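Those protein sequence lines, which keep their order, are chains A and B.
If you read the first sequence in the working numbering, its first letter stands for residue 1, the second for the next number, and so on.
If you read the second sequence in the working numbering, its first letter stands for residue 1, the second for the next number, and so on.
Derived by calculation from the structure, the hints in this document are not laboratory data.
Heads up, none of these hints are tricks.
Simulated DEER-style distance windows between Cβ atoms: (1) B:L325 x A:N67: 23 to 31 Å; (2) B:V482 x A:R52: 53 to 61 Å; (3) A:E48 x B:L325: 38 to 46 Å; (4) B:R265 x A:N67: 28 to 36 Å.
All of these numbers come straight from a predicted model, not from anything done at the bench.
Backbone N, C-alpha and C define an ideal beta-carbon position, used for all residues, glycine too.
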Amino acid sequence: MAKKSGSLDVLVVDDELLIRWSLSETLAAAGHMVTEAVDSRSALQALEDAPRPPDVVLLDYRLPDSNDLGLLAAIRRIAPGAQVIMMTAFGTPEIERGALELGAYRVIPKPFEVDEILSLVLEAHASAGR
Amino acid sequence: MVGSPFTPDNGPARILAAIVESSDDAIFATDPDGIVLTWNRGAARMYGYSAEEIVGRSVTVLIPEDRAVSEIEARRQQIKAGDHVEHDEMVRRTKDGRLIHVSVNISPLRDPDGHIVGAATIARDITEQRRVERALRSSEAHWRSIIQSAVDGIVVINERGIVEAVNPAVERLFGYAEAELVGRNVNVLMPAPYHDEHDAYIAHYLATGQKKIIGIGREVTGLRKDRTTFPVHLSVGEMVIEGGRKFTGILHDLTERVRMETRLREQSALAKLGEMAAVVAHEVKNPLTGIRGALQVIGGRLPAGGKDAAVVKEIIGRLDALNDLMTDMLLFARPPQPKFASLDLVALLRGVADLVRQDPTMKDLRIEVSGSGPPVVGDAELLKIVVQNLILNSAHATQGKGIARVSAAFAAGAYQITVADNGPGVPSEVRDRLFTPFFTTKARGTGLGLSTAKRLIESHGGTIMLDCPPSGGTVVVLQFPVQGV
Numbered sequence: 001m002a003k004k005s006g007s008l009d010v011l012v013v014d015d016e017l018l019i020r021w022s023l024s025e026t027l028a029a030a031g032h033m034v035t036e037a038v039d040s041r042s043a044l045q046a047l048e049d050a051p052r053p054p055d056v057v058l059l060d061y062r063l064p065d066s067n068d069l070g071l072l073a074a075i076r077r078i079a080p081g082a083q084v085i086m087m088t089a090f091g092t093p094e095i096e097r098g099a100l101e102l103g104a105y106r107v108i109p110k111p112f113e114v115d116e117i118l119s120l121v122l123e124a125h126a127s128a129g130r
Numbered sequence: 001m002v003g004s005p006f007t008p009d010n011g012p013a014r015i016l017a018a019i020v021e022s023s024d025d026a027i028f029a030t031d032p033d034g035i036v037l038t039w040n041r042g043a044a045r046m047y048g049y050s051a052e053e054i055v056g057r058s059v060t061v062l063i064p065e066d067r068a069v070s071e072i073e074a075r076r077q078q079i080k081a082g083d084h085v086e087h088d089e090m091v092r093r094t095k096d097g098r099l100i101h102v103s104v105n106i107s108p109l110r111d112p113d114g115h116i117v118g119a120a121t122i123a124r125d126i127t128e129q130r131r132v133e134r135a136l137r138s139s140e141a142h143w144r145s146i147i148q149s150a151v152d153g154i155v156v157i158n159e160r161g162i163v164e165a166v167n168p169a170v171e172r173l174f175g176y177a178e179a180e181l182v183g184r185n186v187n188v189l190m191p192a193p194y195h196d197e198h199d200a201y202i203a204h205y206l207a208t209g210q211k212k213i214i215g216i217g218r219e220v221t222g223l224r225k226d227r228t229t230f231p232v233h234l235s236v237g238e239m240v241i242e243g244g245r246k247f248t249g250i251l252h253d254l255t256e257r258v259r260m261e262t263r264l265r266e267q268s269a270l271a272k273l274g275e276m277a278a279v280v281a282h283e284v285k286n287p288l289t290g291i292r293g294a295l296q297v298i299g300g301r302l303p304a305g306g307k308d309a310a311v312v313k314e315i316i317g318r319l320d321a322l323n324d325l326m327t328d329m330l331l332f333a334r335p336p337q338p339k340f341a342s343l344d345l346v347a348l349l350r351g352v353a354d355l356v357r358q359d360p361t362m363k364d365l366r367i368e369v370s371g372s373g374p375p376v377v378g379d380a381e382l383l384k385i386v387v388q389n390l391i392l393n394s395a396h397a398t399q400g401k402g403i404a405r406v407s408a409a410f411a412a413g414a415y416q417i418t419v420a421d422n423g424p425g426v427p428s429e430v431r432d433r434l435f436t437p438f439f440t441t442k443a444r445g446t447g448l449g450l451s452t453a454k455r456l457i458e459s460h461g462g463t464i465m466l467d468c469p470p471s472g473g474t475v476v477v478l479q480f481p482v483q484g485v
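Next comes chain B alone, as it looks inside the complex:
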């Protein structure tokens, strides 16, 4: 100790002096005016001034020039009043001009009579600590932004399957807000049977260490808040944080990929079907033509008005039905390339309505055509087939006695045709299958009407949607974009 007025003269005081001297912290005393009285080795190391250099000088030498002297003055008043300063963080300047962050405790020094005769300061260099904290903060912000901005969903669960954190992608994918998920079992995101079995999966893993998904990943089914499901690739990682085991699930939405794969499979199946249908159609239609022709010749030789002539007529009717089926199949399996031309959509709808009205079995069906719009670019023949199929469906849905409302519109760059009826609607359990070829709800029907309509409207780059609104009936909406001619 140098220049101290508290020169130790007994054992315990000497020990205390040794402790002070060996401390890594800077420990020094100042008089009421801030003049340095003592200065330990820690202070010399931290500030760069030796005791000889600084004792007798004001501590303000440690204060950076841009800091107000009032800062230290306020503290001095505090000490004079007998208060302590604890863990106050401040910036100080070392002898070589470096700025360091220090945490200081300042206590008043009293003489044996209790008068304040100065202050004892213990200062710790926290520059490195601050730097690490800052780096951590910045690193955490970095990771947080990665997780927040990730396209894939990230879910963290604990060993009991309870959600601890989710990122915004999870909210987007599943339709839940973060607050709705945190604290709940992660099985809310899964449909049955996984919903009920997930706890057992974790328990099994924890008991046996057998990894079925961790580190592997697989395609699973996600359950949204609105109870719809979607395909998702799930990969699970395991981590140990603060002594607890946690699992991180990364969820990649496969909806689009599965849709594309399904579409490709369908297209390839349809291409094969198209090739097959062309061959089958020829192999069936050719003999059909022969049978029909021969029957016509033979029928013409039978006495007119006789019983046999009537049977021949019936047979020919059956053959024509078979031929129509072949034609329908061919149209579905091998639709012609659309030939685009400008056409008046409302006039086309009226034309189809008139054609349907000519059918005697349709005399009780009311067909209402409405709408307007610019000229449409499309294949008139194919659009007629589509609309006719839909009107016939309306007729069947209403037992031929209802109303079919057919309308045309143009909105958002797309043409729209709507065919709505006032029938009983389609039960929701079969609605998904309506566009499957050969699926029919009718006692007599090929099941090709809607699937062909779908193919033909798709050949216009369009879509077909069927809905049964709560108000009743069935509404089919066709949409197709504007084509270049």
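This is chain A alone, in the form it adopts within the complex:
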């Protein structure tokens, strides 16, 4: 649910520190609130701890404790209002199709332009609830 200020709550899930850092810096610089998680377990914990579900989740497909679409399904169940953008370094068409079927907003390949992620987050949020 969008806030009037335009600031979004974004959950970034990736085990690569530099990816988390660059996404957080870019999103924070644009005025958004970022929570970070390094794996599946901490991602679910973050969802549980948050006072309200995030607007957008940036989710790495492959995590130390997750290498399938199970975490995406769990996030969709716990926070159905959150838009999930899945990031993958090696996405097969099968993975992409599965993610979209589970309700992911977009599957993007790594590497990506961080600035494009920023606009994609806004676009995803804008399309939420339509």
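Using the hints provided, position chain B relative to the given structure of chain A.
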């Protein structure tokens, strides 16, 4: 002797009579009219008539009914004229009706004044001999047809290694006519070093009796007339015919088997590579994404237009090159399953040409697209990659300043894409390795372009061939069959 007018009255004549009587051959005399005068035991055994039964009767009783009496009449005239009949073969009928083959000599009999008073006939039963000959002939024809029709090559050589016989399979396998091989050293069928060492192999065997291949067989390399080689299984047998020692080589073409084995090995290696590449790609691309992102963030904080910002841009460019390499490797090592759909091949070629033309470094390359054909069933994305790789090769071959002719055709149930350039061509010594992954002739290149093109076209059930015609340049021909959608 019975009823003979030449009754012996002295010693030598008696001895002669005894010889005649004991002969296995039929010996009998007839008068000028063919009436039997004498009849020995051999004749009685051979024809079944005793002397008592036949003397005084015409010899025509021995002639089968279906034979013309003129046959014997002609011979009788011959004898009357004083001629001999030698080794004449004929069919006769025995008393019990059996037909026998006989070889006969007939000589005129003369009285002391030299008048012809009859004929002496010596006949030998050659029925068994004929039967054996016929059996041999039929057996030889039998073996000959087996050897002639054998799929495997059969070569017979003598102790000096000289070819004595080959079967048609050898002609087919090696491209020589039989006449070109018989009389030559068998080493013409072998490449170096075996070509030069074969005589020594035989000599060594003949001297020591040590068998290295005889009775064992092994995989060797055959040399065709056109100087190409092929793998072949050779088994050698030894035989002694008419006092001479000969060796029989049986050659089984292994080309297809070796090709299949190579293919299986390649496939298994590629499958392993695919698994590995997926892991490596993730392990490389993930940190690459992190480094790139962090650099973008840091670079964005640097004063715009400064020296450091330019360096950051360079670094990001390098990272992108690394990422492209990973993507290329992944495409080669783990190509996606083709998604077949109907597409317009010429339009696809034009699309790729336009894409290449957009690259500023390709502005001097002329790309000509031509051809026609029915709609093609294929994976558009994969075919685009293949064609793009080939056009880029043409560009590199011509230093970016030549012509790339791209055409589409449909012939003999297969789609065909040809990419030809007017560059210097590929030296023949490296041509075989062009499809080997990571092999490149370029100063900068991953060496994956052609090997990936090969994999992708093979995923369409097709083939890729590269040729450098004498007229110059390089021609790459892709062919792939019609697919069901």
